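Undergrad: Below, each chain spelled out in residue letters.
4 protein chains.
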Amino acid sequence: MITGADVQDRVRIPRNEKNDYSEEMAGKRREFVRERTGANLSHVAQYSLDPASLPGNIENFIGVAQVPIGVAGPLRINGEQAQGNFYIPLATTEGSLVASYNRGMRLLTESGGVKTTVVEVSMQRAPVFIVDDARQAREFGRWVEEHLPAIREQAEATTQFGKLRNIGQFAVGPLRYLRFNYTTGDAAGQNMAAKATYAACEWIKKNYPGRLKYFLSGNIDTDKKHSHLNTLLTRGKRVVAEAVIRREAMLRLMQLDPKELFYARQVQMVGGFLAGSANNGAHAANGLAALFIATGQDVACIAESHAAITYSQYLDDGDFYWSITLPSLIVGTCGGGTGLATQKQCLEMLGCYGEGKVQRLAEICAAVVLAGETSLAAAMLNGDWVSAHERLGRNRPSIEGGLS
Amino acid sequence: MITGADVQDRVRIPRNEKNDYSEEMAGKRREFVRERTGANLSHVAQYSLDPASLPGNIENFIGVAQVPIGVAGPLRINGEQAQGNFYIPLATTEGSLVASYNRGMRLLTESGGVKTTVVEVSMQRAPVFIVDDARQAREFGRWVEEHLPAIREQAEATTQFGKLRNIGQFAVGPLRYLRFNYTTGDAAGQNMAAKATYAACEWIKKNYPGRLKYFLSGNIDTDKKHSHLNTLLTRGKRVVAEAVIRREAMLRLMQLDPKELFYARQVQMVGGFLAGSANNGAHAANGLAALFIATGQDVACIAESHAAITYSQYLDDGDFYWSITLPSLIVGTCGGGTGLATQKQCLEMLGCYGEGKVQRLAEICAAVVLAGETSLAAAMLNGDWVSAHERLGRNRPSIEGGLS
Amino acid sequence: MITGADVQDRVRIPRNEKNDYSEEMAGKRREFVRERTGANLSHVAQYSLDPASLPGNIENFIGVAQVPIGVAGPLRINGEQAQGNFYIPLATTEGSLVASYNRGMRLLTESGGVKTTVVEVSMQRAPVFIVDDARQAREFGRWVEEHLPAIREQAEATTQFGKLRNIGQFAVGPLRYLRFNYTTGDAAGQNMAAKATYAACEWIKKNYPGRLKYFLSGNIDTDKKHSHLNTLLTRGKRVVAEAVIRREAMLRLMQLDPKELFYARQVQMVGGFLAGSANNGAHAANGLAALFIATGQDVACIAESHAAITYSQYLDDGDFYWSITLPSLIVGTCGGGTGLATQKQCLEMLGCYGEGKVQRLAEICAAVVLAGETSLAAAMLNGDWVSAHERLGRNRPSIEGGLS
Amino acid sequence: MITGADVQDRVRIPRNEKNDYSEEMAGKRREFVRERTGANLSHVAQYSLDPASLPGNIENFIGVAQVPIGVAGPLRINGEQAQGNFYIPLATTEGSLVASYNRGMRLLTESGGVKTTVVEVSMQRAPVFIVDDARQAREFGRWVEEHLPAIREQAEATTQFGKLRNIGQFAVGPLRYLRFNYTTGDAAGQNMAAKATYAACEWIKKNYPGRLKYFLSGNIDTDKKHSHLNTLLTRGKRVVAEAVIRREAMLRLMQLDPKELFYARQVQMVGGFLAGSANNGAHAANGLAALFIATGQDVACIAESHAAITYSQYLDDGDFYWSITLPSLIVGTCGGGTGLATQKQCLEMLGCYGEGKVQRLAEICAAVVLAGETSLAAAMLNGDWVSAHERLGRNRPSIEGGLS
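Chains as they are written, first to last, in this note's numbering: chain V, 1 to 404; chain E, 405 to 808; chain W, 809 to 1212; chain D, 1213 to 1616.
Chain V on its own, in the form it takes in the complex (with noise of 0.2 Å):
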């Protein structure tokens, strides 16, 4: 007979509250899958990471995904931090994205590099108070930011790295959001800034004369969300990569004229505002989840990082002046995946491994995407551009403009 505690046993995970972290245990749980599913995983079991070094970064350990990484470079940085000829680690499981960053970052070494800068550095975790009328949330606004030196003061308390830089406030009837602005050392720092604010919101409740609720989280902040106020005003690193690229390089590496290429960014603009798109340009998303994964990143910041926007100009020379902003770059070099077996050694391919290396990091993310957008907008055209033998005349201006 089977009772209902059998049941339970039967379909509850193993776990050992003592040592859950052991080869044991990963070994157990993927016996109990395979029972229950019938999938061997005998390609998950085989890693050389430490399940020991596991706790912080998953719970019921079963194994690894392999996921093949691919090196493409060099590519020339010239940042603050970043500076001479990266490889890159570009983990992922789709065809031609190496190949395709690899000889954009050709194109931009052989035209003297990429220069990068992080323009603003910002985490958030973004409250929400709630009182009685629109009044009193004015009121509680003009409190807080009496109250900044006493609310830093404990925010900072919680955490050795994290800086409150500043609250952003946004009204909204009875509510007031208050989107706190840290610094958050090498780490990505969502924890701390959480850890943080959280601190800083119990004190305010407690001193706060007035009545009010709260939630440590409003939906503005906004985590593992793309977000136009993200766009705006920064989440993580807000970092440029920008590039003068010689048309004497382009043509030949590419076959494209830097003038058919400008003529196609018009109506990309317009494709990209038209969609209400979260990235007027074409694809950072690929290069990112790439370097994400390698890294140790987190990765489903894919969704705040992808974000991105283009602004180019040809100039008289014929070259071609390009520039990409990530408006919402969240990485980090310690804590997450950062210290995992593979994940480390990949930092340390970039020199991006430990302390004082964040902006490193994001300058090279922005470099990478840099060279995938010049990649794939070549690609883009060359299609067009194979077949031109087959166009129409092409004498007419509103058309033929950047092409003649």
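Hints in this document: simulated from the structure, not taken from any laboratory.
Listed below are the simulated DSSO-like cross-link pairs for lysine-lysine, each with C-alpha atoms no more than 30 Å apart in a straight line:
hint: 1; chain 1: E; residue 1: K617; chain 2: W; residue 2: K1067
hint: 2; chain 1: D; residue 1: K1425; chain 2: W; residue 2: K1067
hint: 3; chain 1: E; residue 1: K663; chain 2: D; residue 2: K1471
hint: 4; chain 1: V; residue 1: K344; chain 2: E; residue 2: K432
hint: 5; chain 1: D; residue 1: K1375; chain 2: D; residue 2: K1417
hint: 6; chain 1: E; residue 1: K663; chain 2: V; residue 2: K195
hint: 7; chain 1: V; residue 1: K205; chain 2: V; residue 2: K195
hint: 8; chain 1: E; residue 1: K609; chain 2: V; residue 2: K259
hint: 9; chain 1: V; residue 1: K259; chain 2: W; residue 2: K1067
hint: 10; chain 1: W; residue 1: K836; chain 2: W; residue 2: K826
hint: 11; chain 1: D; residue 1: K1240; chain 2: D; residue 2: K1230
hint: 12; chain 1: D; residue 1: K1471; chain 2: W; residue 2: K1014
hint: 13; chain 1: W; residue 1: K971; chain 2: W; residue 2: K1014
hint: 14; chain 1: E; residue 1: K610; chain 2: V; residue 2: K259
hint: 15; chain 1: D; residue 1: K1418; chain 2: D; residue 2: K1375
Predicted, not measured: the structure shown is a model, and the values here were computed from it.
Here the structure of chain V is known, so what remains is to put chains E, W and D in place on it, guided by the hints.
TA: Frame of chain V; chains E, W and D shown alone:
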């Protein structure tokens, strides 16, 4: 003396044009990287997959990222294709993610499970055609409508599985953006859609009795990017997960009253709207990224896939109806990384490897997302709840409506 | 003693249920207002329209707002319906508006005029149907598709001019938003669409073999509101104005080089994208509001109508191709305020009074908007231009690309 | 023989450079229009305003648009500046608008009135500065911060009433968008902000120790355009109207149960989010446009002013808390059209003419908007209600949650 050629040799990553997918070449590249960057790639070199299986997945292969997998479940799903209890492989380096989703799965399972439905299927490539003026563009649009059967024939001739559903049209000045909507069988289908659309575009260019040029992407696809267009008009799968969560279970497992949750939802929905967020729920990206890495999906598609629309109601009996709609979920059960060693095994855990399984996988993705929503919402509200004893008086209606 | 009834009498605005549209009743109400607010409405009382003409336009009539009208032009339009030189009545209280549009009209006219094209026509009412779950909602959607002929019959039976083009469907959880798209003859057509859709919805509710409820608006119409949906899918008229502006004329009349303008456009497009703007051009609302007031349009529809997409190219001969697309222009030449005294006369100035004129009016609106764009762009750039002598050296490419 | 000059004379609108603001010149222009278009402008010629009062309001004056005004009220407002019962002049040609708002005003008034609060004040001009690269742009941004006192001095020297609150900064590539935020006294203040910002920009250009150029608008202001930026960061007045609507009053006056309304609000909020709407409420533009025309506001600013965020809760006692937040309401009580004949009288109806009244007017606007929201919501739901007897069974929770 170092010549230019020497320099070139020293920076170019080793490749073997004849057979690049071998452990030997991987090793040469690791050595190349070690020499130039100092990074020891000993862990990256540890894998059980066969390098010979990697053409079409990676270039310049050097090894793998080992991403820890945890298992969560069981998750009861009452889908059309996914039916029963599922154990979910989640590949992540973010601590507590698996535990949190696991808790949500329990809540849903004890409430009778998640109902899942794929309501629309549509993969795109969206070229833009450029003619001389808006009037010609309108004329061109009509011509495309009239020639849809021939265009479909051209597109579908390139693919065994892809079917052209229809072509959306968007007019801007002399531009006509065409959005080719396909079903793509079990593949995510981006490449299939691109190839088919290219063939169609070339046919159009040859046969249209007027001057035109086109770009294969007009940037409204929007591939690897969130866009409002995708939220409205679907990209990949539009899939819904919904559940009636029992008040008793929510109180017992989450220490949360559905009434309080509904109160909070009003604030969260305003926050999502205010922020201009891609998702008025909580954190779809977390579960999806972990599932995508484990099962060999294109992880860059988190950019599109994390968009979501939450719709909920507080029911008269005190239960809570909760739905989440993913309008642009990009998944496949063949192609991409789905056939690689660990990825295939994780798909097998879900009964999703091979033909005819993509809808099942889409349903599982949505169910997992809903589990994560419930868990994070409870955690966020319980942060407040924990300190409820410290709260000031709470009898006035506009603050405390959801809590009394 | 003042009783409750007395108080009621004292605050209620006088009405005459039998014949409220008379100067006598208007006078009584003005007196009522004067007694309670002290405001002398002597000017409000000055009008030449006949109060008896006002049923269907206003309730509780007390007089008129006298909004000054200025005339601008001639504006050369090469439309499908609007052809020739036009003199444009602009009702506004904002100084320089008429002068600025007038200047733009001269530039366009001297460049050969504006080409205008209505590329799509579609007025909506968008109800939402609610069923038990997403699966039923999908089923309901199919049923609607299958019964489109019967639904169309019901909708069109309520109107002489309205024709149901198609029904868009948007799925969220158990909700099915239906977007009924109509052509509405010469009327703007909101009421026509509402009435027809109501009939269709009632028929659906009676005939659908399942449980459902509906709201006549699910808030995606989006009536009197800008929305990205409208920009994508058209509301009212989607109309394009385009012109090739001669370099010579722009230099002579605007002291502006098209090359500089194109340089600036790159920055402006980025600004529009960054801001999340409804319009990546300059100020469509200015000209439209003035035209709408003068010609009896529904001025609240500026909310929708001011959305726009600018697309431009710098041509090889130094001329400037400039297009602006208004995706949701709401205008009519019958119904609403079009038949009132001054409004009718202003429509007659444009040859737009009466049947068969709505496309002509839409074309004129777009042409006027383009005129305003050129003028403001030049003014903005000339502010910089004026002080050009103070500028620092300008030989470096990334700053001065467009100016040298 | 007709010469070019003759042609020019025949098409040019008559102007008198010395004194153009006379009935004589208006008459000449009307005659000119009549000759060229055939339109008789007899009604346009009827007005009581003095043409000599019009410099600064119109050019090429030919007469007026007579826009009918209806009066609605009383509307009980419990604002900070607006306190008491108000009678509202609404200038519109759309039938039922006045009646509908009037009904909502009664509901609000009988529920105790509307509480109104201006929570933020901020008018902008947002120039963009362009330097050589992102690093210089970041440096420039710091310089601006450091020189804020000097910049403020320059800006404020140009205006009696404008005060520079702060300067927001937004970084894209080599561009630095600066958003100058002002308070502007009783004026809407666009021109004041432009003039002050121009002075500041010229000073910056002279004093910045590096190369730069700027445009006075970088298109993120966003003047006369809705933008997400404005919704987040306020343009003009951010003003809230809120009310607790009594269940009894809603049932009696609207035949609507607040519980049903709250159920519907969930659907409407999803609709607003799905559509990418500027406003998740109903139709703020209707009341605002009518008020703007009556009181001499800049009607083009409906583009910005119609944005809104509705936040509501269903209270435990069955009442309904309803708030609407207008984040970018653009109004003034001096300047613009506020001093014209009828416009001034309508402002006097509201006690809003002259100095120190702008906050009062903003509060009235918000209160009027809330009245319209209640009325339209009820009308929409009653359309469904009316036919309630035809509804199928309604006992199942997911459909009928709000209705039982």
